[in-house]
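Given chain A, work out where chains B and C should sit, using these hints.
Sequence lines, in order, name chains A, B and C.
The numbers in my numbering rise by one with no breaks, and the one at position 305 of the first sequence is 305.
Every position in the second sequence, counted from 1, becomes a number in my numbering once 594 is added.
Every position in the third sequence, counted from 1, becomes a number in my numbering once 655 is added.
In short, the hints are calculated from the structure, not lab data.
Note that CB positions come from ideal geometry on N, CA and C, so glycine has one too.
Hints are supplied without guarantee of correctness; some may be wrong.
Between beta-carbon pairs, the in silico distance windows are [claimed, not checked]:
1) A833(C) x S335(A): 19 to 29 Å
2) A457(A) x P930(C): 53 to 63 Å
3) S469(A) x N793(C): 50 to 60 Å
4) A622(B) x D287(A): 38 to 48 Å
5) G798(C) x V455(A): 54 to 64 Å
6) D625(B) x S277(A): 18 to 28 Å
7) S298(A) x D884(C): 56 to 66 Å
8) E319(A) x K1054(C): 42 to 52 Å
9) G798(C) x A622(B): 39 to 49 Å
10) D287(A) x Q1002(C): 47 to 57 Å
11) V455(A) x L985(C): 29 to 39 Å
12) P978(C) x T468(A): 31 to 41 Å
13) S189(A) x S1009(C): 29 to 39 Å
14) S948(C) x T468(A): 41 to 51 Å
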Amino acid sequence: MRNLILGAEFMMSHMVHFYALAALDYVMGPPMAPWTPYFDAPTSAEPLVAYTYPDTYQSPNAHRYYHPVLRPGFPTSTYTSAGLVIGQLIQPSAGDDTTNIVIPGYDFASAASAAGLTIDGSSNYSSAAATNPVEEVNQQWSIWSRVIKDYVDALQVRRRILEAGGMLCGGLPMFRGLVAGGVTYNPTSSDISTFSSVLQEYTEFTSGRYIPLTEIVAAIYNEYDNTNNYGSGYGAGCGNLLAWGAFNNPCATPSTTGWGMPNSLNKRLFARGYYLSSTNTIYYQDDGKVDPGISGTSNTAGVVEYINSSWYADVPGAEHPRHPFDGYTDPSYTSYSGSPKYSWAKAPRLMINGSPTVMEVGPLARMWVSQYYNSGAPYAHTPHAYLKAYTLTSASNDLTSVPLAATHIYLVLHNQDKPSATPGFSAMDRHRARAQEALKVASAAAIWLDQLSSVLAQPAYTTPTFGTSTSGFGSHEAPRGALAHYLVTDAGGNIQNYQCVVPSTWNDSPADAASQPGPIEQAILSNNLKIKGYAGKAFDDQNRLVPVEVLRVVHSFDPCIACTVHVVTKKEKEDRECGGSKRGKVCREGVKLR
Amino acid sequence: MATYHLDPVNRIEGHLGVELTVDDGTSAVTDVRVKSMMYRGFENILYKRHQKEAITIVQRI
Amino acid sequence: MRITRRQFIKFISATAAAMGLNQLELEKVAEVLAKPSALGTLPVLWIQNQVCGGCITAFAGVFAGEVDYTDINGDNIYDTTGLVQAKALNSPGYTAGSNASSSTVDDVLLDVIDLKFMNVIMGPAGELAASILDYYENTAAGGSFVVIIDGTIPSEDKYCGLGYVAGQEIASPSNVEAIAKKAALVIAYGTCASFGGVPAAMNRKYDAVSGRYEGGMTTTAAFAGPVPDDWAANSYNLLQKVVRIPTCPGHPEALLLTVVDALEALGSAYGGRLPSGHPWKPTVAELVANIDSLGRPKKSLVLSKALGVNVWLYGQPIHLACPRLPKYNLGVFDRYFGDTRQGCLQQLGCQGPSVYTPCVSLKWNREVSSNTTCVAQGAPCVGCGAPGFPDRTLNLQYK
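In isolation and in its complexed conformation, chain A is listed as follows (with noise of 0.2 Å):
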């Protein structure tokens, strides 16, 4: 029931961050607030007065930071004259299996037919376009509309899936059925069917509009995306993933071992363990090679926090860095700016042999280090459709200096993985993974529904035991990424020491004593991220800084400073009996008090 219910939590928060979130970046929203003032709003009288409509959103110069096919209005008749087509419709090459490429409201096959246009397998269209410009017109999408449609109904589809878990327990996003030691409600087999109700328009949402909408953005705004720009994607980051893994078997028996490469029958849906770029490996816990639990042994990668860019003090003889097990926290503000200390994140980093080392988290994460998404190409192990853009004119896809009349973007769809898949990271794969991962979690969700539904006479509460003068710790994945809560407990079973080591402190933490970045700080500085700006410069004409550039990176990562990690419970027993230390063994399973 655990699953189901953070399992909920994931696909409803994944869904909210591409479509609420992070599409603004991309795409114009509706012509109102709160979706207005837009981005390079032509006007210095932004954003105080009544916006005016929508005559403007096409020329030229306004709005450039969207492209074209994602303004409102598009296409019009200014940019249907003869022969020069923007936004073709996708159409498959050679070769390519259109019946099993199931886009729903994308019929390719039938619309290539009926534009007359013939599948040759060549990167050139300029004939297609000389000889079947009125076609042509009629077959060009409006993905705006389209996106504005699955925005609207992303709102409702992520309701639904979240209250589906919180049927299960109380509520949610606070879970009042949830406690130590299991569920207060026991569910029915009604519960169970609609649940796979909302689980199956979910997933029909995910995978028929979602995922293909990634692959559409990846594709227009193709230099932020690693795969589709040979590598020079923006958003990089530091190229070190970290996943603490997540989702037991709930019908296996709990173990200590098995954190590594997911086995649907015996282990987790997503592995322990972190990938280092420089040696293009990933290592799992199961050999040794990671722990959260220490701070880090010659062999075994363990967890501490800098603070010395953070606002807090360090107590004279006990300075950080520390694992969280010793860890405190004493508050200590300088200045918005011009000190060292600037953000009230800490800096955890994982030791690796003695060498603090950045580490990113998230869907990236997990997806990479249980080898669900790799080098680019969704769906490693199986084919998959993905679109890429051409144009005819112009090598880079630099929109905010090509005139738009002159320029073809053409999306096409092709089958089978990429021919040259860079390997890498950047800020279209982390949306790319985040999708897919929503699915994994979905098609994940349907299994745990099997098994709930074989189980329900069990009772979901086992009263927990609570332990004293122990530590112990619970790590999993939230959404946003590898989580861990550490307490230390005195003699009374009260908390003497309590530390969270969120997702968001990993990805939004500031630089560490060996001034590194965190991740979000490298990513925005990778690849020589340039803010365009509007009109070519970087303010507007109210002398704001316009960074639309640096909010698509940033909110790649999906961050959450509070975090909206609402569900934290633990779903492993950890077993700390570490040969006479005061750390001794964890409570039952349920929850990572002692």
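Relative to chain A, chains B and C alone:
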């Protein structure tokens, strides 16, 4: 080179600001500081409570 | 300002060549994006302070049921869950089935309120966004907007920065207080803003006697608290009270109903759509009287008038409407969590008899199940909507 503050980042949970140093000539970002702008003190709120209260409280992180 | 239907239809026609959508879908988009414009609508600023994101997550899931029932006046409007959707108030006396769809968050954003600022969902960022707050603090006329406050108010600006604009930082509480004191309405959503909530819980690391913290720390932690009453005690505020919608997270339908009550009572100049004299329309005096001594609305005025029964929000303890009340009356109590007796949860620490919230009258997570609420699912009430949560009310008994 000049320093700019992108704050609030928006469309995230919580409050985040980014301090950027941008090269005037190339418009490239040359330095960056990502700032978490909110502190509530959960780790201190939990001190000396019995551990069984933790789950109800940390849900609200 | 909202776009008019005429503007939107013109725009859609221009897009007609791009038939990515079939006709039916296009109409749905048109329906969603082009409501008839209100005669006048107060802009709303949703300002987040020390938040966890739960209130936003909950409000994004607001669901006010389907419409199509018969009310006390014989108007044929039906509602499966006992709530009249906000949209229905657009056209009193409309016929059955003519507007059968639910009020969800997109409806609220596109139709009910004109949301000028909300960190989580707004398009702009950086100075472009912060300048909006700056405008309302320094330029907008007093009483020309509404403020919904989410999250605890910190004791000092350094614990909750909100942005940077025109060479200056903006933060909570300083700038938020300045904005709120000019607002026509101040609504505190969620227990954090209403009563302080979890961030205001006792910080046990501080020793008040010695004035120091354990472990030698010398600085104060982020003592935080609710929205102070004096933020509404000014000439701009129409109610002279901070309206509080506690529970953790804030109950989304309670917020929606309270906003609807306020808009209707204040009239068309503020976005109310019922014509004057309509039997569902509350007066401002009724609105004020409906707010209890802790700032909470006792019941939903519009709904209570429409349905002819009291639709309680914060006016009644949950115990009185608890689904397990019959078991309580019979003396059947749950002995441990998940007890198949499904008895009263009092022995497990339930605070029901002293907690006044809409949890059992409106329930939670309303669309997918009619049974989702803590007590119905065996979770004792921890008083998340009561003053003093969690210190005073959290008392789960593990047995």
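Status of the hints after comparison with the structure:
no., hint, verdict
1, A833(C) x S335(A): 19 to 29 Å, "22 Å, holds"
2, A457(A) x P930(C): 53 to 63 Å, "57 Å, holds"
3, S469(A) x N793(C): 50 to 60 Å, "56 Å, holds"
4, A622(B) x D287(A): 38 to 48 Å, "41 Å, holds"
5, G798(C) x V455(A): 54 to 64 Å, "59 Å, holds"
6, D625(B) x S277(A): 18 to 28 Å, "22 Å, holds"
7, S298(A) x D884(C): 56 to 66 Å, "60 Å, holds"
8, E319(A) x K1054(C): 42 to 52 Å, "44 Å, holds"
9, G798(C) x A622(B): 39 to 49 Å, "46 Å, holds"
10, D287(A) x Q1002(C): 47 to 57 Å, "49 Å, holds"
11, V455(A) x L985(C): 29 to 39 Å, "30 Å, holds"
12, P978(C) x T468(A): 31 to 41 Å, "37 Å, holds"
13, S189(A) x S1009(C): 29 to 39 Å, "36 Å, holds"
14, S948(C) x T468(A): 41 to 51 Å, "43 Å, holds"
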